[in-house]
Each structure stands twice: as C-alpha cells, then as structure tokens.
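J.: Take a look at the letters that make up each chain.
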Amino acid sequence: MRNIFLHLHPSNISESSLRFNRTFGLGGMAALLIVIQMITGILLRFYYIPSPAEAYNSIIFIKNQVLFGQFIRNIHYWSGVFLLLIAFLHFLRVFFTGAYRDSRSVNWIFGLILLLLIVFANFTGYLLPWDQLAYWAITVSTNIIGYLPVIGESLRDSIIGGKELNAGTLQTFFAFHTALFPFLLIAIVFYHFWRVRKAGGVLLPETQGKSKMVPVMPNLIFREFIVGLVLIASLLIFAALFNAPLLDKANPSYSMNPTKAPWYFAGVQELLIHFHPFFAAFIIPLSVMLFLAWIPFFKYNEPPNGHWFISGKGMESSKHTAVFSTVVTLAGILFNAYVLNFEMVMHGVPALISNGVIPLLILLLLMGSYYQFYLKGFRLSKAELVQAAFVFIMVAFILLSLTGIFFRGKDMELTFPWNV
Amino acid sequence: MKKTVQEIAERNTSDGINRRDFFGMAWKALGILAGLEASGMIISYFFSGKNKNTNPPKQLLEAGPANAFLPGSVTAFMGGRFYLARQQDGGFIALSLRCTHLGCSVSWEENKKRFICPCHSSAFDIRGEVLNPPAARALDYYPVLIENGVVKVDIGTLKERKTFRKEQLIYA
Ligand code: HEM
Ligand code: FES
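These protein sequence lines map, in sequence, to chains Y and X.
For the first sequence, my numbering begins at 1 and goes up steadily by one.
For the second sequence, my numbering begins at 1 and goes up steadily by one.
Treat each hint with caution, since some may be false.
Unchecked claim - Derived DSSO-like pairs: lysine-lysine, alpha-carbon spacing no greater than 27 Å straight-line:
| hint | chain 1 | residue 1 | chain 2 | residue 2 |
| --- | --- | --- | --- | --- |
| 1 | X | K113 | Y | K410 |
| 2 | X | K112 | Y | K410 |
| 3 | Y | K163 | X | K152 |
| 4 | X | K162 | Y | K163 |
Said to hold, decoys possible - Computed beta-carbon distance windows for the label pairs:
| hint | chain 1 | residue 1 | chain 2 | residue 2 | range |
| --- | --- | --- | --- | --- | --- |
| 5 | X | R20 | Y | L361 | 56 to 66 Å |
| 6 | X | K166 | Y | L89 | 51 to 61 Å |
| 7 | Y | M38 | X | K166 | 56 to 66 Å |
| 8 | X | P65 | Y | E153 | 33 to 43 Å |
| 9 | Y | P285 | X | K166 | 36 to 46 Å |
| 10 | Y | P285 | X | L36 | 22 to 32 Å |
| 11 | Y | V35 | X | E110 | 52 to 62 Å |
| 12 | X | L36 | Y | A240 | 48 to 58 Å |
| 13 | Y | L67 | X | S107 | 35 to 45 Å |
Said to hold, decoys possible - Residues on chain Y that point at chain X, a partial pick, calculated with CB under 10 Å:
| hint | residue |
| --- | --- |
| 14 | V140 |
| 15 | Y147 |
| 16 | K163 |
| 17 | S253 |
| 18 | S255 |
| 19 | M256 |
| 20 | P277 |
Treat the hints as calculated values from the structure; they're not laboratory data.
Remember, it's a predicted structure, so these values are computed and weren't measured experimentally.
C-beta atoms are modelled at their ideal positions from N, C-alpha and C, and glycine is treated no differently.
Produce the complete structure using the sequences and hints provided.
T.: What follows is the structure, encoded as structure tokens:
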C-alpha cells in the first residue's frame with residue numbers, strides 16, 4: 001500500500017510546489033473522492049436492483065432497512081457533487097496558472113476527458129433511483145440530444161433504447177455507471193498522474209534562483225494526508241446533515257413542474273430557454289468544447305511563466321472581462337424574459353433565424369466591440385487574450401447555471417431562490 | 001557509422017524492403033485488423049440488441065364503442081399513454097401524451113380546453129396543434145381504427161407530424 005502511494009510520487013520535489021495556494025490540493029482531492037465513490041458505489045451495488053420495478057424499492061430498502069444505508073447513500077451522492085465541483089475548480093486552477101501548454105498539453109486534453117467522464121458518471125447515476133426527479137430530469141436531458149441535426153433523433157433513441165425511458169435505459173445507464181465509467185476513470189487518472197511526473201511536476205513560477213528540493217516523504221505525503229482528512233471530515237458532516245433527494249417512484253404519466261435537468265446541465269438548459277436548440281444544444285457547447293481543447297495549441301510568443309493570471313495586466317483584463325460577461329449574461333436573460341422575445345416578435349420568420357442566428361449575431365457583435373474598443377487598449381499578449389476569452393465563457397457559464405438552478409421556478413419562469 | 005554485415009545484407013534485397021521491415025509491417029497490419037474486428041464486434045454487439053421493440057406488430061387497444069365518446073371530449077388512457085380526442089365534427093384522434101418539446105407528459109385542462117405541459121408550459125389544442133411555444137411540433141398520434149362501431153388504437157405505431165392535417169382524423 002505504502003509502496004503504491006510512493007510510486008505515484010517522485011522521491012524528491014521542489015519545495016515551492018508544496019505551497020498550498022499553488023494547487024490548493026484540488027487534484028489530489030478529486031482523486032480521493034473518486035476512491036470514495038468506488039467504495040460507497042460498490043457498497044450500494046450489493047442492494048441496488050437495476051430494474052424499473054425494483055430500483056426504487058431497493059433504494060427505499062437501503063434507506064430504511066440497511067444499517068448505515070442512508071448514510072452510505074448520502075456519502076455517494078454528496079461525494080459525486082463535490083467531485084464535480086472540485087474537478088471544475090482544479091480545471092480553473094490549471095488554466096489560470098498557465099499549466100496547459102508544451103509538455104502539459106496532453107494532460108490538459110486528458111483532464112478535459114476526465115471532467116467529461118465525471119459529468120457523465122454523475123449523469124448516469126442520477127437515473128438509478130428511478131424516482132420522479134430522476135425520471136423527468138433524464139427524460140428532458142436526453143430529449144435535448146434529439147435536437148442535434150441529422151443524427152439527433154437516432155442518437156437519442158439508441159442511448160435510451162426507444163422513445164421513452166424504459167427498462168433497457170436503466171440497464172444501459174447502470175452498466176455505464178458501475179462498470180465502464182469507473183474503469184475508464186481509474187485508468188485515465190493513473191495516466192494523468194504519470195504525465196504530471198513526466199512534465200517535471202506542477203508548473204512553478206520562475207523565481208530568483210532554484211528552489212530547494214526536499215524528499216516527498218514526509219513533506220508531501222503528510223500534507224496530502226491532512227488535506228485528505230479534512231476533506232473526508234467535511235464530506236461526512238455534510239452527508240450526516242443533508243439527505244440525498246428521493247421523491248416518489250417514477251410515474252411516466254405525471255410530469256413534475258418544473259422539470260429541471262441535473263444541476264450540471266442547468267447552464268445548457270438555461271441557454272435552451274433563450275436560443276433555438278440547434279444553437280443552445282449544439283453550436284454553442286461544441287464551440288466551447290473545441291475552444292477548450294484547442295487552448296494548448298494556439299501559437300504563443302513566450303513560454304508560460306507560472307504566475308497566477310500571467311501578469312498584473314492579465315489579472316486586470318480578466319477582472320474587466322468578468323464584469324463585462326456578467327453584464328451581458330444577466331442583461332441577456334432579463335431582456336429576453338421581460339422585454340423582447342425574438343420568436344414572438346418576428347412572427348413567420350423561422351425560429352432558427354429569429355431565435356438563433358439573430359441573438360447570436362447580437363452577442364458576437366457585443367463581444368467584438370468590447371474587444372475592439374476596450375480590450376485592445378490593454379495590449380495583451382496572445383496568452384492573456386485567450387485568458388480573457390476563457391474568463392468570458394466561464395463567467396457566463398457559471399451565471400447561466402446559477403440562474404437555472406436557483407432562479408427558475410414553476411413553469412421555468414424566473415423567480416427568487418426562496419420560491420424555487 | 002559502421003554497418004554490420006547483417007544490415008548490409010538486408011539492405012541489398014531486390015525490392016528495397018528488408019525482411020525485418022516486412023515482418024514489422026505485417027505485425028502492424030495484423031494488429032490494426034484485429035483492432036478493427038474487435039471494435040466491429042463490440043459495436044454490432046451494442047446496437048443489435050437495442051431498438052428490437054421499436055417496430056412491434058400492431059398492438060390494438062380497444063378504447064370502447066364510438067358513440068360512448070361525445071364530440072369535443074378528451075378521454076385519458078394512461079395505460080396506452082394517449083388521450084382519445086373526439087373533435088366537434090365527430091372525428092377521432094389518439095394523441096400521445098409526450099410533449100414534443102422535451103418529452104414531459106401533457107395534461108388536459110377541461111376548463112381551458114387545452115393540453116398543458118407542466119415542464120415549460122407549452123400548450124396544445126384538442127387536435128394536438130401547438131398553441132404556445134417552446135414546443136414547435138403538434139403532438140404525436142397513434143393510428144385509430146373503427147371496426148363495427150368500436151374504437152381501437154394501434155399503440156405500437158407512433159406517428160410524428162409537423163402540424164395537424166384533416167386526414168389524421170378518423171370517422172365512425
Ligand atoms: C466518479 C464516480 C461516480 C460518480 C460521480 C457517481 C455518482 C452517482 C450519483 C450522482 C448517483 C445518484 C445518487 C442518488 O440520487 O441517490 C449515483 C448512484 C449510484 N451509484 Fe454512483 N457514482 C460514481 C461511481 C460509482 C461506482 C464505482 C459504483 C459501483 C460500482 C456506483 C454505484 C451506484 C449505485 C448502485 C447507485 C444507485 C444508488 C443510489 O441512487 O443511491 N457508483 N452515483
Ligand atoms: S417538455 Fe413540454 S414544454 Fe418542455
């Protein structure tokens with residue numbers, strides 16, 4: 001055991017990579033949470049039955065009859081949520097310290113794959129309780145796939161094995177959730193760690209002189225141990241205080257109002273309220289994914305310096321862009337909800353144009369003018385410019401998600417969180 | 001650089017490919033072939049089991065005698081997952097209860113005379129036609145048969161459509 005741990009580490013590392021605010025220990029936390037998911041998931045599997053008739057009852061059985069059943073289920077639920085949040089923060093950390101280039105570009109790509117895998121691990125798990133929440137959230141999200149051009153319908157039908165969720169869907173999701181995804185996650189996490197070592201450890205800011213090398217044991221191992229303990233403690237407290245949701249057994253004839261996609265898809269669902277599905281579910285997410293995957297491969301002029309936000313200028317321009325993105329996103333949401341609904345106003349114009357091309361052009365125009373008349377004044381380097389674009393996208397994504405999760409109530413109308 | 005005797009010998013074969021290169025390439029080709037075969041097998045394994053039941057034979061559900069349904073009435077058949085709607089002119093249509101926006105189940109509001117979707121508030125009239133977006137297509141429907149005055153619905157065949165058309169109504 002001890003050997004396995006030590007093997008994942010080099011024997012000596014640079015002292016400055018131990019500073020907590022270099023990595024915040026986020027990658028390590030994510031790995032620990034994956035282990036916790038495996039353990040609690042395997043425990044749940046001993047009682048869980050993947051069939052529409054039995055799934056819900058087996059969860060009730062776990063909750064009410066099995067010793068610590070509710071607690072184990074809560075840990076699995078919350079650790080899944082924590083895992084996604086922490087992996088996302090890890091992704092932000094890596095980006096904003098510039099550790100995505102050169103020898104690290106492969107790991108950036110595999111990191112994105114891990115992030116996607118964690119999203120889909122969460123998504124496939126979400127269906128398993130087969131309650132009203134699960135049934136309708138998965139119905140709505142899989143139907144979004146149906147709007148993809150050409151292949152959409154058949155892709156959706158083959159994912160859920162029919163037109164509506166059925167026993168086959170549950171079987172498929174169960175296989176993905178408890179076999180394929182865990183296997184891929186473990187394999188890729190190991191590869192990911194190995195690449196970190198190959199790249200010579202985490203990216204460090206260039207400092208005056210070389211920083212001292214110190215042995216991993218005890219310097220790093222002890223710190224990891226402490227972070228791990230704190231994380232486990234917070235997770236257990238959380239799981240003791242808040243139960244994983246479970247509503248009535250799924251009823252295909254009766255939909256919930258509102259029906260929301262799982263929280264990590266709330267951003268896409270919010271986009272769907274404002275844009276034609278072709279743009280909301282396809283063009284926009286695809287462009288964002290391509291941009292993220294392409295980040296390491298732009299031609300940059302100087303090597304990464306390892307400083308947070310690259311430079312003072314980089315930090316300033318990021319802040320301003322965050323404000324700009326906030327204004328555009330919130331104004332867009334409110335404007336579309338209360339002032340002007342393009343589809344309603346432009347009667348007779350195909351929705352693809354009125355509700356897709358036109359709002360998108362307006363958005364691009366706003367972004368273009370912000371760049372032309374404001375951002376250009378900063379005289380940013382290529383890396384700082386990419387950073388500004390990244391900030392714009394992430395801020396918009398986070399605000400869209402928060403709106404969808406906390407500010408959409410009955411009939412998916414805007415309300416305040418206490419009415420949701 | 002010094003060449004070994006063997007290397008020189010291999011270079012000198014007539015067509016420029018030496019034996020070691022040949023075996024290297026053969027192994028690669030075999031590897032690729034095996035990989036393709038394995039993926040082909042996995043993919044066909046995956047897809048052949050799915051969708052087996054999307055085109056089942058006619059599954060007729062007897063709804064009842066035609067004259068039991070008043071013109072302008074909507075009757076829910078939750079077991080068959082449809083609403084049997086009779087128009088004012090006496091025509092029948094069996095509307096799927098799946099909203100064409102993102103698949104929630106619509107419910108008939110008798111006093112408003114419309115189907116309302118609780119998820120994002122799309123609305124449809126008694127013919128299944130869209131009254132209120134975000135839904136963009138009329139409700140799907142199942143073929144209706146009337147034999148000896150008895151209404152039967154083929155719940156094995158879901159029909160999709162853009163808008164309502166007169167031919168979709170069946171008369172007793
Ligand atoms: C990255 C890894 C994983 C994530 C993010 C994850 C996430 C989730 C989520 C969100 C749920 C729904 C929880 C609920 O609503 O109660 C769930 C349920 C479930 N998971 Fe996982 N899981 C992971 C790994 C595993 C593994 C490795 C197994 C088993 C081998 C497993 C077995 C189960 C079972 C049986 C359920 C249904 C029980 C329940 O709903 O409480 N999971 N998972
Ligand atoms: S699913 Fe019916 S309005 Fe969205």
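J.: Which of the listed hints are broken here?
T.: none
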